[in-house]
Amino acid sequence: MAIAIFAAGCFWGVEATFRKLTGVEETEVGYIGGTTESPTYKDVCSGRTGHAEAVRLSYDPERIGYDELLEVFWGCHDPTTRNRQGPDIGSQYRSVIFFTTPEQEASANASKQSQEASGRFSRPVVTTIESATRFWRAEEYHQQYIEKRNAG
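Count the sequence shown with this note's numbering and you get residues 7 to 158, in order.
Hints in this document: simulated from the structure, not taken from any laboratory.
For every residue, glycine included, the Cβ atom is placed at its ideal position computed from N, Cα and C.
Label-pair distances were calculated between CB atoms; the ranges are:
(1) Glu74 with Lys48: 32 to 40 Å
(2) Glu31 with Glu145: 21 to 29 Å
(3) Gly53 with Tyr147: 18 to 26 Å
(4) Lys48 with Pro108: 30 to 38 Å
(5) Gly29 with Arg143: 18 to 26 Å
(6) Arg90 with Glu43: 20 to 28 Å
(7) Ala123 with Arg155: 34 to 42 Å
(8) Gly125 with Lys154: 36 to 44 Å
(9) Ala116 with Glu145: 29 to 37 Å
Calculated cross-link-like contacts (lysine-lysine; reagent style DSS-like; alpha-carbon spacing at most 27 Å):
(10) Lys154 with Lys48
(11) Lys26 with Lys118
(12) Lys26 with Lys154
Starting from the given sequences, assemble the full structure and let the hints guide the process.
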C-alpha cells in the first residue's frame, strides 16, 4: 500500500469522493500542516493552528496510480480559491497536495503545471505542494461522515 494526502476544502466530501475509487483501500480524515500538537476540530476551526482539513488515503498502486488520484483531486474542488471552498472560509480549507515521497512531489508539480497550462481555470491555481508533516486523525464522528449521514 502507498499513502497519499490531499487537502481540498471540507474533508467530508473529499473523503467521500476518494472512497469511491477502485484501488483506494482506506481513507481517514484529519489535520495536517499546522503547529499545534493533537489539534481538535474546534482548534483547527479557530484558524490559529495552521492545519488544513485533509484526507489520507491508503491505496494500491497496482490498481490506481498517483497520477489518477491527482486528477480526482483537481476535479473535486476549486484550486483557484485561496483558503476557501464554496461557503467554507478559512485557512483550514486551503488546497494542498502533501507529498510523502520525492516521486509524489515530482508528479504533483508536473500535474499542477499541466493544470495551469490547460486553460481549464480562468484564475491562477493557488494549490500548494508541501512535504507531509504529522497527520492528526480527526475525531471519530468526522470519519466517513457523509456515509454515516446518508445511512442514518
